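Given the sequences, and given the hints that come with them, work out the whole structure.
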Amino acid sequence: MQVEAYFDVLCPWCYIGKRRLATALKGRNDVHVVWRSFELDPDGSPIPGLTAAQVIATYQNDPARASARVAHIQALGAAEGLELNLHQARPVNSFDAHRLIHLAATCGLADAVMERLLHGYHTQGRNIADPEVLQALSVEAGLDRAQVGELLTGDAFTADVRADERRATQRGIRGVPALVIDGAPPVSAVQEPAALARLLDRATRF
Numbered sequence: 002m003q004v005e006a007y008f009d010v011l012c013p014w015c016y017i018g019k020r021r022l023a024t025a026l027k028g029r030n031d032v033h034v035v036w037r038s039f040e041l042d043p044d045g046s047p048i049p050g051l052t053a054a055q056v057i058a059t060y061q062n063d064p065a066r067a068s069a070r071v072a073h074i075q076a077l078g079a080a081e082g083l084e085l086n087l088h089q090a091r092p093v094n095s096f097d098a099h100r101l102i103h104l105a106a107t108c109g110l111a112d113a114v115m116e117r118l119l120h121g122y123h124t125q126g127r128n129i130a131d132p133e134v135l136q137a138l139s140v141e142a143g144l145d146r147a148q149v150g151e152l153l154t155g156d157a158f159t160a161d162v163r164a165d166e167r168r169a170t171q172r173g174i175r176g177v178p179a180l181v182i183d184g185a186p187p188v189s190a191v192q193e194p195a196a197l198a199r200l201l202d203r204a205t206r207f
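Just so you know, we're using this note's numbering here: the sequence shown kicks off at 2 and counts up by one.
In case anyone wonders, no lab produced these hints; they're calculated from the structure.
Owing to the predicted nature of the structure, the values given are computational and were not obtained by experimental measurement.
Glycine residues also receive a C-beta, built at the ideal position from the N, C-alpha and C atoms.
Treat each hint with caution, since some may be false.
What the hints assert, rightly or not - Restraint-style ranges between C-beta atoms, simulated for each label pair:
hint: 1; residue 1: Gly28; residue 2: Ile48; range: 42 to 50 Å
hint: 2; residue 1: Arg203; residue 2: Arg163; range: 27 to 35 Å
hint: 3; residue 1: Thr59; residue 2: Glu84; range: 18 to 26 Å
hint: 4; residue 1: Arg29; residue 2: Arg175; range: 26 to 34 Å
hint: 5; residue 1: Lys27; residue 2: Tyr60; range: 31 to 39 Å
hint: 6; residue 1: Gly150; residue 2: Ile48; range: 19 to 27 Å
What follows is the structure, given as structure tokens:
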């Protein structure tokens, strides 16, 4: 069974969804997860600006509701063992991070690199648009330094990221995290692990 997971490193819900999917997959060896690219802000700057919490506040137009929203996301993250520092994480352009995930997939390290980028951005407040940061994080996750350097100075896997994004549009995906299980219509990956496990079981039966 193939599960395509559409994501963006910038999205705290993607970090939560990744943890819940991992829980749903425990004990299974019949599922192959493919990470697919979806940029939340394709025109985003590589230079950090407002924090994620401040961005949420601009959308809410109500300080109390914004604070509650941030606290809600952090509480859900904490329940999954995650420290989501929305007051430190600063949204930036994530295109190169997506290219790195594609490189990592060719080495069997997509999950490890994804985890390191998510932790670096959401927990440590690292700038995942900075080539030096991307190189450091991905090398820590097991990628070859020379390979990463070559990617970051070139355009490798650009076409792969764009292909994922076109596929997302064709499938009607407008937000992440989203899962496509064996080509079925997309579903949210933020569902509870038990609900995700039921979806996987249902796909296995059919």
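Structure-based check of all given hints:
The hint said 42 to 50 Å for the Cβ distance between Gly28 and Ile48, and at roughly 44 Å that hint holds. Between Arg203 and Arg163 the CB atoms are about 32 Å apart, so this pair conforms to the stated range of 27 to 35 Å. The given range of 18 to 26 Å is respected by Thr59 and Glu84, whose C-beta atoms sit roughly 24 Å from each other. For Arg29 and Arg175, the hinted distance range of 26 to 34 Å is satisfied, since their beta carbons lie about 28 Å from each other.
Here the CB-CB span from Lys27 to Tyr60 is close to 35 Å, well matched to the stated 31 to 39 Å. Evaluation of the 19 to 27 Å hint for Gly150 and Ile48 yields a pass: the beta carbon distance comes to about 21 Å.
Of the numbered hints listed earlier, not one is contradicted by the structure.
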